[in-house]
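Protein chains: 4
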Amino acid sequence: VAESDASTSLLDRTWRRVRGVWQDIATSALPDSDLARLRERMQACLEARGGEVSARARAAGLGRTYLGLDRAGRVRFLKLLASEFDIDHERLAVVAGRLGASTGGEERRTAERLLRRIAEPPRARLLTQFNALPEGVKFLVDLRAELIDFAKDEPALAGLEEDLKGLLAAWFDIGFLELRRITWDSPAALLEKLSVYEAVHAVRSWVDLKNRLDSDRRCFAFFHPRMPSEPLIFVEVALVKGLAGNIATLLDAQAPVGDPRQADTAIFYSISNAQRGLVGISFGGFLIKRVVDQLSAEFPQLKAFATLSPVPGFRAWFDARIAAGEAEPTAAERKALAKALKVDASPPLKQLLADPKWPKDGARTTALAKPLLRLMAKYLLEAKREDGAARDPVAHFHLSNGARVERLNWLADASARGLRQSLGMMVNYRYDLADIEANHEAYAGEGRVTAAAAVNSLV
Amino acid sequence: VAESDASTSLLDRTWRRVRGVWQDIATSALPDSDLARLRERMQACLEARGGEVSARARAAGLGRTYLGLDRAGRVRFLKLLASEFDIDHERLAVVAGRLGASTGGEERRTAERLLRRIAEPPRARLLTQFNALPEGVKFLVDLRAELIDFAKDEPALAGLEEDLKGLLAAWFDIGFLELRRITWDSPAALLEKLSVYEAVHAVRSWVDLKNRLDSDRRCFAFFHPRMPSEPLIFVEVALVKGLAGNIATLLDAQAPVGDPRQADTAIFYSISNAQRGLVGISFGGFLIKRVVDQLSAEFPQLKAFATLSPVPGFRAWFDARIAAGEAEPTAAERKALAKALKVDASPPLKQLLADPKWPKDGARTTALAKPLLRLMAKYLLEAKREDGAARDPVAHFHLSNGARVERLNWLADASARGLRQSLGMMVNYRYDLADIEANHEAYAGEGRVTAAAAVNSLV
Amino acid sequence: VAESDASTSLLDRTWRRVRGVWQDIATSALPDSDLARLRERMQACLEARGGEVSARARAAGLGRTYLGLDRAGRVRFLKLLASEFDIDHERLAVVAGRLGASTGGEERRTAERLLRRIAEPPRARLLTQFNALPEGVKFLVDLRAELIDFAKDEPALAGLEEDLKGLLAAWFDIGFLELRRITWDSPAALLEKLSVYEAVHAVRSWVDLKNRLDSDRRCFAFFHPRMPSEPLIFVEVALVKGLAGNIATLLDAQAPVGDPRQADTAIFYSISNAQRGLVGISFGGFLIKRVVDQLSAEFPQLKAFATLSPVPGFRAWFDARIAAGEAEPTAAERKALAKALKVDASPPLKQLLADPKWPKDGARTTALAKPLLRLMAKYLLEAKREDGAARDPVAHFHLSNGARVERLNWLADASARGLRQSLGMMVNYRYDLADIEANHEAYAGEGRVTAAAAVNSLV
Amino acid sequence: VAESDASTSLLDRTWRRVRGVWQDIATSALPDSDLARLRERMQACLEARGGEVSARARAAGLGRTYLGLDRAGRVRFLKLLASEFDIDHERLAVVAGRLGASTGGEERRTAERLLRRIAEPPRARLLTQFNALPEGVKFLVDLRAELIDFAKDEPALAGLEEDLKGLLAAWFDIGFLELRRITWDSPAALLEKLSVYEAVHAVRSWVDLKNRLDSDRRCFAFFHPRMPSEPLIFVEVALVKGLAGNIATLLDAQAPVGDPRQADTAIFYSISNAQRGLVGISFGGFLIKRVVDQLSAEFPQLKAFATLSPVPGFRAWFDARIAAGEAEPTAAERKALAKALKVDASPPLKQLLADPKWPKDGARTTALAKPLLRLMAKYLLEAKREDGAARDPVAHFHLSNGARVERLNWLADASARGLRQSLGMMVNYRYDLADIEANHEAYAGEGRVTAAAAVNSLV
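Chains as they are written, first to last, in our numbering: chain B, 2 to 460; chain U, 2 to 460; chain P, 2 to 460; chain D, 2 to 460.
Just so you know, these hints were derived from the structure itself, not from any lab.
This one's a predicted model, so the numbers in the text were calculated from it and none came from an experiment.
Careful, some of the hints might be misleading.
Identical copies carry no separate label here, and so any pair may be met within one copy or between two of them.
Straight-line alpha carbon distances no greater than 20 Å define the calculated SDA-like cross-link-like pairs of lysine to any residue that follow [stated by the list, open to error]:
1. Lys80 <-> Glu107
2. Lys166 <-> Glu121
3. Lys166 <-> Ala125
4. Lys304 <-> Gly243
5. Lys166 <-> Arg110
6. Lys166 <-> Arg126
7. Lys80 <-> Asp143
8. Lys166 <-> Thr111
9. Lys361 <-> Lys371
10. Lys371 <-> Ile323
11. Lys139 <-> Arg227
12. Lys336 <-> Leu353
13. Lys139 <-> Lys371
14. Lys343 <-> Thr331
15. Lys361 <-> Arg118
16. Lys80 <-> Arg110
Could you build all of it, start to finish, from the sequences and the hints given here?
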């Protein structure tokens, strides 16, 4: 089986069932005539008519109705829920006014309690009741993924989406999650999901996948006890000697298998969130910490934990810098470039990089390394978003977790995607447990990016 | 053997570790000098100083500190948490005032969102973080049990207890619970817990326990995935022919084992909540419903599902009626009693029942049956609390779940406890799935108690 | 894709470890100088020097020595074991002579007991002790596979191989085997092994494999409790409507998934033995019987259980018949062929079939069907080995199990292999539980092949 | 629950089912008229009439017939099997005669092969087929226990029992057994079995049992994969400081729980075989070795592994010595005794020990220690059976395993049984891995008992 065939093969007809049973069978719209009855059913659930147990059974019925609807029907369903079972704004305003005017003591306490109750929209309780569906938690996670989509066109759904996020944040508290190691002995169905969810370095085939689970590799994922066959987030680790600086080497299925007992470094080369419906509920930092602990226990000889990470935001920033004329090489660099190109004067960077063959030309890439690595260092250490966070999202994630910028790697990912995103450069972020808190505080407090001396000296 | 004896017989030194590790090692008080540092540590957790991961680790440290404290120290710890990390009442009042004055639109929405955020006390977030402890969920459940105790003397803790209840209610949503059957092949440690938690008919010995798990019995419990060895609530069921009317017969370990395939009735003869820290979060109705479903699937020939229940509130009500002179037998009943006692005129009920030997005297008990069953029917059907609920708590539980009063059983529990609580009478509540919703609505809506004709005719 | 291709696509470097760890590391020969010491170590094991426990530990050491040897070294190792620890032939002859001369009674009994003990070669006990190796059972199974190979060139090893077969036959008694269903949720490592072991219709890709595990398919295997991740034999089943007559249709991954609840027929389309070291120890009949039972329980609506089987021996028999001039079409068939070919007189079958395009030519294949199906029926019903068994090994297997020849299928397997083996024909053998014993007796006793009327009428 | 009640409670009506389902339902005899049919059914199984699969099903039917018989019926059943399906003695004698006369080469090989086949009685194959019963292995183990019983009165069954022993020895090869730790979290049904099977120090109650599974104790058992809920043999271990010399102290449920991390000695204080049907198939040495390995890995600080063992054969030997006048105290000892008893001359040992109160009298026991410990040392080191083995069976077991006699303990077991068996003395046998082989060889080879210097010096 060729690599390309295998990769198509990962998404076949069965897969759609795995991703979400209902998408295949969702065919009915929701006619106006049904809306009143639907409202009535929602009302019955919320009033626990016939008792709590019956109400849950009814909620499951509502969930099944939803699953039977097409996109337009679902939007109508959710808008009905969002609008009809929202907070009672009028009453909230009245009670709030009363609290504003209260003078403390028991009166204030009573008003506060009432206010908190009124401020909780009834629709949130109905969402909870969907938990009665057979795979209720997964249903709600997928529902949120849909709500995020729908809310782009229907701002009225934003509040409902927020309510659901709050519910899921409580249910997916980190304390509930299980860390599990994934190996070649894990269920094929689970490995297939990893292949689909892998967001950093696409899985090309089962051979590629098996290579990532070899004895010198580790893969860990968080699971929720009520979604036992759905990974929430997973990380792929290579146990190697020294800091790995090239992703193709790590992913080479033909490379000899190393002896993990001799490794001194654990390289986290891919971290992927698997559930769109859990966006904004953060597990990554905990995952890294737990995996560092587990690997340290299994391999006490490990001396360093670091990532080999892409820099997805570099190119946009770089292009803007180029356009503004702020990113040109220094005179010395230009001279080196001219020499490498065997011309009198080097053309501008933009022109040089426009030639798709540039990464293959040894002399040219050598001459390019210096100016581009310098710009990369500048980008990572100095480019900020308005709120003070690092401009690069991957950098922001690791810096928030207390990692430092350890090393920049030239031509570390020469794939089309790697060149497009970051001109082939990748970064090692290092997690040194002793420094994590200080690094985090420096970054979170003052926006200061900690980096190794060699990186700092590039700027 | 009374409940207290059972505890002695089953509770030994190891058990105390099961119930709560820390009680044995909780020896240190919490001196004033430590309070400031403790406050600082709580603050650090809430600010997520050093990052989310570190904050969790710190919260676990706080939890361990708590476990090391004696009772007085724990109260101080909790009061500190309750008072220092409560809602910012002033600010809430200001924002509430603003909302009260808002005119709608985006302004109102913003105010509402802000208000909801402020109305959430920070201490609730800290409670969540305790989930990072190794058995964090069990810790929080036990913490609530302690808070309920402490709050009796320290009203300042009531708010904190309420926050914790809210948190646990979200985490113990019925959708997360697993129904598991418990058998003689279950871990001995779990069976030992059942013995201790059994609140209705005390487990007298391992033989008694084994008998309750025999092939003509069933025992089911709900478990939470993060407290896998702790039952939350459990029910004991006997598979019999006809409605069982005597508890001693059911619990007789010497009785021959019936063939469950021939049973037509499932008798729920004991339901016990196992976690004091989950008081007010209701699982019983769901448990009964799930067990009815499961038994129906396994034994399609079952025709009736009913309880054999105590009437714990009867005696107090009866004594008050007697004192008020409202509970005396009718003339015909008095005559029958006189005849049974071979006297001219029967003494008053109170005097008759004062003789501890009355349940052994066949003629006397026969004559007593009529007036006492009539009073029992009156109690169950008519005695109400102020809020309209049935006065008897067990009756209220089953009526809320949609059961009906099916039969009253004379001398069904002649144990000391049975005589003390209900003059030996017990009740069958019947769950007929077809009527459950209507029964519930009649009871919850109009306070009407549904009963079999034979019971109604007693009044 | 031919089998060899499949192996390349699924076998990668890790696989070799799965198949047999030691093959990669087996590098040392066994010099003469080591033979004496080796003999001494074997002797020590058999004498249980230092106690039984130590002897086992030593046997494991011997096993590891073996694993470190190359092919020549292994042969020497095994020859040493076979020759030095064989039966004491002289002594056996003496004792046998004594028994031959005994007159019965206690004397005979004693001689018999002694004879049985002496007739057991010591080397067999040493083989047993290898069970002390971590995966000792798998080691012995693989050792037998090697012995079978080696014994071809070294007849001296035949006796040792027989001893080992006896040992494995006792250990792999059918009563010890577990039937397990294999699904897409099984470990990927196990599914990979299925791919490699599949001997009938090569697995072409993971998509092909997943298709064979879809909801309208079943796959079952026998496992030994001490080789839990190694299937011994497995069967692939399709749940369909009516008797399936074409293998390509069954294996088509693009075909819509059927509803197994609507199927009336279970088609066993592939049965593969997975362990060469268990040759001659038969599990197939038991596997089919157990799977029929299990499917009947899960799908009571199934009316027929049948195979869709290749006829691997047909072509050789057919070619011999042709060469002998015994297989030519009848006059009517020749006429039909001539017409289909639009010629005056049909060329001989041999010439017709020599054209590789014949299976694509509709008219020609139609005209060929009759004579070839007739010959196939003749082959299956009448061609015998010297010992009276059916000449075709697959036919012999199913007929021994009590199946009958149900239907012959024209162009049922138009793959290169199918054409090469059986001119594209396949057979359905039907398992009708009511007739199995009678069919078996007819076949095993009298060599009579039971077949459906339509098949019988072809001859 | 009082200790005595609890101990009765371990054997209740359900237990009988655990021990052997069939004993309760075995009621029918086996009339003569059925014998011919039974013989025919056995014959059909052995001929594999209807195929192998059917034969197995028939064998299961035979097994069920057996289970339905009473004792007399079973004996008849087994005698039929033993006599009708024995070796063909005549034919064996003929073939043996031929082998005795053979001159070697292929002729001899053929004769040998034939002889081995004929020497295998057909009934052994039928026993194997019983493995087809649902719990076939347990059936055969229990069948052997019955055969051992029956064979006492029916010598004709001895051969069948031997065949079955051979079969079970192959199936229960140590390489197939699983070592499992048993804890308070093990199934109650399993713990109940331990209570019943415990043969050394009877389990008095569930509290006693729980104490033996506490955190400073360990219990391990071997299991066969096809009898997963039946322990084969188990050992109870205490982790203590120093060599334990008193059994009551070890079994005291009120004693404080020690910290196993601080223990330096593991005391094996009870080893029990659980299956009478496996008598003569030895697991004990392997169990001790595996447990030593496992404990060494978990608690690297352990410095010594020893038993605290009864001496069940001492009293009989001692009484014979006394009777022969060979066991009287020395003059010095007699003087010490007289002094302790405050009499002029000590009465003979026999008279002294006849007083049941002797163990309570401090002065007397002190004076008795010396002569009795000397005799005990003499018994252990010098008393032999005819075959040269140690006369005491427990001593023989541990000495065969390579242990040495480490210490004799005075008044180590003052229970009625302990006094009766060994005048209250117990022995520590020590397992020192470095010496095990040498000790075994000295004992197995020369009958030399290795003991600590202090023990040797007593003689």
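Hints versus structure:
1. Only between protomers do Lys80 and Glu107 lie at most 20 Å apart by alpha-carbon distance; the minimum there is 19 Å, versus 39 Å within a single protomer.
2. Taking CA atoms no more than 20 Å apart as the test, Lys166 paired with Glu121 passes in both settings, with 14 Å inside one copy and 16 Å between copies.
3. For the identical chains of this complex, Lys166 and Ala125 are neighbours both inside a copy (10 Å) and across copies (18 Å), given an alpha-carbon limit of 20 Å.
4. Proximity of Lys304 and Gly243 under a CA criterion of 20 Å is satisfied intra-copy only: 9 Å inside one chain copy versus 41 Å between copies.
5. In this homomeric assembly, Lys166 and Arg110 come within 20 Å of each other (Cα to Cα) only across copies, at 18 Å, whereas the closest approach inside a single copy is 28 Å.
6. Taking the shortest Cα distances, Lys166 and Arg126 sit within 20 Å of each other both inside one copy (13 Å) and across copies (16 Å).
7. Within a single copy, Lys80 and Asp143 get their C-alpha atoms as close as 17 Å, which meets the 20 Å cut-off; across copies the closest is 41 Å, which misses it.
8. In the homo-oligomer, the alpha carbons of Lys166 and Thr111 lie at most 20 Å apart only across protomers (18 Å), although the nearest pairing inside one protomer, at 28 Å, exceeds that limit.
9. For a Cα distance limit of 20 Å, the shortest separation of Lys361 from Lys371 inside one copy, 17 Å, qualifies, whereas the shortest one across copies, 64 Å, does not.
10. In this assembly of identical chains, the alpha carbons of Lys371 and Ile323 lie at most 20 Å apart only when taken from the same copy (16 Å versus 79 Å across copies).
11. In the homo-oligomer, the alpha carbons of Lys139 and Arg227 lie at most 20 Å apart both inside one protomer (8 Å) and across protomers (18 Å), since each shortest distance falls under that limit.
12. In this homomeric assembly, Lys336 and Leu353 come within 20 Å of each other (Cα to Cα) only inside a single copy, at 14 Å, whereas the closest approach across copies is 77 Å.
13. For the homomeric pair Lys139 and Lys371, neither the shortest alpha-carbon distance inside one copy (49 Å) nor that between copies (57 Å) is at most 20 Å.
14. Proximity of Lys343 and Thr331 under a CA criterion of 20 Å is satisfied intra-copy only: 18 Å inside one chain copy versus 84 Å between copies.
15. In this assembly of identical chains, the alpha carbons of Lys361 and Arg118 never lie at most 20 Å apart, being 65 Å within a copy and 55 Å across copies at closest.
16. For the identical chains of this complex, Lys80 and Arg110 are inter-copy neighbours only, at 17 Å across copies versus 34 Å inside a copy, given an alpha-carbon limit of 20 Å.
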